[in-house]
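> Take the sequences, apply the hints, and build the full model.
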Amino acid sequence: MLQRFLDPATLASISGLDLVAKTVVDGFVAGLHRSPDFGFSQEFAEYRAYCQGDDLRHVDWNVFARTDKCFLKKYRGETNSQLLILLDTSASMGFGSHPVTKLDYSRFVAASLCYMANVQRDAAGLIIFDEEVANYVAPSTRQGQLFRLLHAIEKAEPGTRTDFAKPFIHFQNFLHRRGIVVVLSDFYEQPDTIIKTVEPLRFRGNEVILFQVLDPQEIKPKFREPVLLVDMEDARSALEVSPEYAREEYRRKIDAHIEGLSSAARSHGLDYFLMNTARPLDEGLREYLAVRRGRL
Amino acid sequence: MGFLAPWFLAGAAAIGLPIWLHLLRKHKTTPLPFSSLMFFEKRTQSSIKHRRLRYLLLFALRTLLVLLIVLAFARPFVQQHIPPRTRSNEITVLAIDNSLSMRAGKRLADAKAAAKSLVASLKPGERAEVLTFSSRVQVLSEVTDDHAPLNAAIDSIEPSDSRTSFAELSRSVRSIAKSLKLPLTVHLYSDMQQTGMPPNFNDLRLNADVKLETHPLVTKEEPNFAVENVVAPRRVFDNKKTRVLATIAGFGVHKDVRAVTLSLNGRAVETKNAEVPDIGRATVEFNSLDVPYGRNKGEVHIDSADSLPADDVFYFSIERADPRPALFVHEADGNGGLLYFKTALEAAGQSAFDVTPGTVDQTTNLSPSKYAFVVLSDIGALPATFENQLRDYVRGGGSVLVALGRHSLNFGGKVPVTGQKIIETRYSGREGDRFQVTTWLDTSYPSILKDNRWDDVKFLRAIRIDPGSARVAAKLSDQTPLLVDQQIGEGHVVVFASTFDNIDNDFPLHSSFVAFVDQTARYLARMDSGPPSVVVDSFAELRDSKERGAAVDVVDPKGQRALSLDEAAKAQNIQFTMAGFYDIRRPNGRNELVAVNSDRRESDLTPATPDTLSLWQNTANGTAEADTGAAGDQKPLSLWWYVMLAVLALTVAESLLGNRHLSVDSEAA
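Chains as they are written, first to last, in this note's numbering: chain Y, 1 to 296; chain U, 1 to 669.
Quick caveat, the hints were computed from the structure, so don't treat them as lab data. Model, not experiment: these values are computed from the prediction. Warning: the hint list may mix true and false statements.
[Stated by the list, open to error] Sample of chain Y residues at the chain U side, in silico, Cβ under 10 Å:
#  : residue
1  : Phe-95
2  : Glu-218
3  : Phe-223
4  : Val-227
5  : Leu-228
6  : Glu-233
7  : Ala-235
8  : Ala-238
9  : Leu-239
10 : Tyr-245
11 : Lys-253
12 : Ile-254
For every residue, glycine included, the Cβ atom is placed at its ideal position computed from N, Cα and C.
Below, the structure is given as structure tokens:
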């Protein structure tokens, strides 16, 4: 029932980003409650006979009462993880062929990830960048961290052009603990350049997830007539494009780009996921959880 | 090339629509922000140009389509050259009016002189024919280039008493042109009376190869007095003074007093003065006419002193005869309504019949043949000899009126003479319907023709008979036939299903009873009450079916036999062509004196306006052709159909091409 709240167009009508994140995650969790693998609270692992020196707090007194023997109830050990979200706010992210722009969608995803991390007591951080680092919220589990994150996300506006090389050098300075790095961007750059820029993050033991956020009109452009396209990141650059070209040649190129980025990312141990802004958000969250579970 | 509706060309402004759609709207490129152009190339321009070329073809088709639709509305035409109509072998037709109005002054003589001068001016080899017209058209000569027969035909023209009919002339000219298949030039010599024009102008239409030249003999109206009408009885049966009413009309005259004289058999009876108002009518009443026995020639004439004396006299015939006997048979124990019947006949105005009453027993020694008609009023059984005589009498042309009552039921259940079966007696008692009324009347039946106000008549008893093949003229509310007319041989038997005695009905107490009895008596006695005079060119019947082969003598107003011997033996009708008295002597002794008068519309000498004559001439394009005939003619040939076919073809092409573009768009959508 709550799945419908994961629809981007529906979320766009919700004013508060915290409410958006709560709606998404709660709806997402409710949709997954039947999953046998799911569970990020303390999970039962095994019973073990008491040995001297064990903490008496872990003795299962119910068992002791019935059997008159001391057993310890063991839980699966949990490790707090660190989540760092890199949100691209370049001008191209402001594109949207429907009410939800790519940046809006990315904000929803980022907010939802932050909320989910907060629920799991993961330290979450945020870096907002275009060709410069626009904002940085250091990962933390402190009280009020979620609201700081959401506030930063809320303030994110489309900026100038994308330049991966420059901000990513700074990112490496921010990463002191290994954790999960989520990059939300449209990746309008050559795959090799992207991988080359992002790969150093992987060296520190981070799990890097590339979420390529694209509008349906970018994946499969549909024009009824020739149009004059103006580059959002460079207003001086404009091209008149025929519907035939957009329907055939462009699609081949964008598909090749997506495929190239995907394969290059995987070959370098990076996780890649294409996010269509017309699709529900849960697909992106599911990808994040799959990666996180792998780390446990 | 021209346009029948050129103002529709303003619709060409609609071309702006495809221009806007294709050239303005299509080329107006709105910049569309896009996230990145890294996957687009400049070579897409050529594709756009190619696409524009394709759109240009669609644009051209649509523009042409709009233009052609506008063109279709403007009704384009081209002038089609028609070879000049040659008027070679043209025939000149001289049409001379000899109607009554041509008797005025020297009109006919002038017309003949003008026609003769035209004949004299004909070139050698130029053919002509002469015809005269009034209400009929008579061709007096063959088509010839010989002037002698043409002049002789003109000389032979005599004035008639008929009225002018230009419609008849046009019809004849059309017929002549059709039969000769040659161009005609009709020279019309007439006083061009306005009254000769038909009510429907289309009747004057002439063929395209007929050229009409009018030669009006008068151009302005002449004053004329005429005796327009005389009202007098056709027959009188007593020696009372007869009343005669004459109407004097003045056409184009000023107020004047005229002496009006009533004559009978050539002897002046009375003269009175009539004051005729300006262009109006005056009525003169004569009350002192003593009509002698026999058929008399009456005349009313005025001293008009105008140019047309032919209409100054009006003829009427009046006959004095003894009342004809009629036999009224009733039962001895009741007079069967004799009083009512006889009183009604006398109240009708003229004592045309002398009713002889008689009981059933007295009929044994009577012969019905000497009676105008026989009435059997509510009788039982008739003596066999008398009934046989009655049957022979009816077969020979006699007539019987049968009234059915309570005694009729004793007659073997049958109606006397006709033998029709009596089904039942219909009583109206205290229960149910108190009385019957007539619900259906055949108003064309002579007995009912003049007065059909039978609604208030109450019928308390009626005898229902089976009418068989007889004509039912009236029915009661329960569909009982009330008045039935059965023809037997040459005669009629009229059955009235009730009585005349105010017992079975109250019919005798109503005024309509008088009209019924009078009209029925006249119908049975075959006493027609036609007008005392008829107009020239009307017809009269000369014989009935049983008089076939017997000679009928007709003496015309000039005292000559109007029919040849062959016609006298065979002719069914005669047409009265002259004004005056026609004496018709039939083999059965039914002689008749018919007064014939000319149509008084001829008395109005007002000529038709020149505009009317010009319109008549233009009904044939003869005049126009005569002017342009040498150079030929241009006839507009409409291109509408061709344009519409082109529109259809273009629409199909546009649909096909447009669909191709739309299919691209739909895939993109």
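> Given a cut of 10 Å on the nearest C-beta pair, is the interface hint for Tyr-245 (chain Y) held or broken against chain U?
OK, holds: Tyr-245 (chain Y) within 10 Å of chain U, min 4 Å.
> Do the numbers back the hint for Phe-95 (chain Y), that is, is its least Cβ distance to chain U under 10 Å?
Phe-95 (chain Y) check passes; min Cβ-Cβ to chain U is 4 Å, inside 10 Å.
> Answer holds if the nearest beta-carbon of chain U is closer than 10 Å to that of Phe-223 (chain Y); otherwise answer violated.
Interface hint status for Phe-223 (chain Y): holds (6 Å vs cutoff 10 Å).
> Does the closest beta carbon of chain U sit nearer than 10 Å to the beta carbon of Glu-233 (chain Y)?
holds, 7 Å
> Would you settle whether the hint for Leu-239 (chain Y) is holds or violated, based on the nearest Cβ-Cβ distance to chain U being less than 10 Å?
Holds - the Cβ of Leu-239 (chain Y) comes within 10 Å of chain U, reaching about 5 Å at its closest.
> For the hint on Leu-228 (chain Y), just tell me whether its beta-carbon gets within less than 10 Å of chain U.
holds, 4 Å
> Would the stated hint for Ala-238 (chain Y) survive a check requiring a Cβ distance to chain U of less than 10 Å?
Since the shortest Cβ distance to chain U is 6 Å, the answer is holds.
> Checking hints one by one. Is Ile-254 (chain Y) an interface residue toward chain U, by the C-beta closer than 10 Å rule?
holds, 6 Å
> Quick one, is the Glu-218 (chain Y) hint okay against chain U at 10 Å, beta carbons?
Hint holds; Glu-218 (chain Y) Cβ to chain U Cβ min 6 Å, cut 10 Å.
> Answer holds if the nearest beta-carbon of chain U is closer than 10 Å to that of Ala-235 (chain Y); otherwise answer violated.
Hint on Ala-235 (chain Y): holds, closest Cβ of chain U at ~9 Å, below 10 Å.
> For the hint on Val-227 (chain Y), does the least C-beta distance to chain U fall short of 10 Å?
holds, 5 Å
> Holds or violated: is there a CB of chain U closer than 10 Å to the CB of Lys-253 (chain Y)?
holds, 4 Å
Checked against the numbered hints listed earlier, the structure breaks none of them; every hint is satisfied.
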